[in-house]
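So you can see what is in the structure, the chains are spelled out below.
Protein chains: 2
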Amino acid sequence: MGCDMCDAGNAEDAVELLVCVKCRRGTDAPDDARRPGQALHDNLRAAGASVAVTGVECLQNCEGGCTVALRGAGRWTYVYGALHEDRDVAMLLEGAALYAATADGLIPWRARPDHFKRNCIARVPPPTLKEKADV
Amino acid sequence: MGCDMCDAGNAEDAVELLVCVKCRRGTDAPDDARRPGQALHDNLRAAGASVAVTGVECLQNCEGGCTVALRGAGRWTYVYGALHEDRDVAMLLEGAALYAATADGLIPWRARPDHFKRNCIARVPPPTLKEKADV
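Chains as they are written, first to last, in our numbering: chain Z, 1421 to 1555; chain L, 1421 to 1555.
Hint data in this document are derived by calculation from the structure and do not stem from the laboratory.
Keep in mind that the hints are not guaranteed to be accurate.
Which stretches of chain L does chain Z cover? Using the computed rule of at least three CB atoms under 8 Å from a CB of chain Z, they are [what the hints assert, rightly or not]:
| hint | stretch |
| --- | --- |
| 1 | 1473-1485 |
| 2 | 1489-1497 |
| 3 | 1533-1545 |
Predicted model, so just to flag it, every value in this text is computed and none were measured.
Built from N, CA and C at the ideal position, the CB exists for glycine as well.
Required output: the full structure, derived from the provided sequences and hints.
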């Protein structure tokens, strides 16, 4: 049985790629336009992501978008920025699959997509980690 | 009964202020020194924070530290940077209490400490939020 709040116990299904659908990525997209963030979200879904792709409104990395977050039960949550809605879809799908293949969200450094190495905005440990973690 | 993984059902106790204890805050503190991040952690505990203060190793906002994250069951997680281990302790205690007083982690804008308004690195929605959220 899993927890309704955190999907604990449903680890395989719990990995999510959150996409800020409001991101303008520095463009001056008008309010009623399909924004770059929405396009990134739609392109990831259309490409058949192996993890759940969830649209959210504002991950508050507005000056460094587009922005996504990877999270999953028992895993570190990672926020990545400087993404492009067309050019970075394949890289994100690869990174999400690597993340999902870990138990703790820590993709081995050498296996990480270069974009992940250079554009990590922040990370947050899983709730189960109650004190210091190795980097 | 709460969930062991996410503290769901233990909302009152679940708010945490995570502090990156490895942060050098742009100083050239030697490896064996008590770093600014550790000092921030220790100062928050000594000041009697009303929420749990948890030391973690690296929230990966290394160029914009010191860095903390506020999180709690059912709440948005917020990451804040550009903190000083002495000057920002009282502000952080106030902000953490305001955060703990919310059900969803969204401190009303006008009530937010100015530092929170200007130095939010990123935020991540609670697992219970499965689609778009209002900003």
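- Task: With a C-beta cutoff of 8 Å, work out whether three or more residues of the stretch 1533-1545 of chain L approach chain Z closely enough for the coverage to hold.
- Result: n = 6 at 8 Å, threshold three: holds.
- Check of the stretch 1473-1485 of chain L against chain Z for coverage (Cβ-Cβ below 8 Å, three residues minimum): holds (count 8)
- How does the coverage statement for the stretch 1489-1497 of chain L fare against chain Z, requiring three or more residues with Cβ below 8 Å from a Cβ of that chain? Since 5 is at least three, the answer is holds.
Going through the hint list in order, the structure satisfies each hint without exception.
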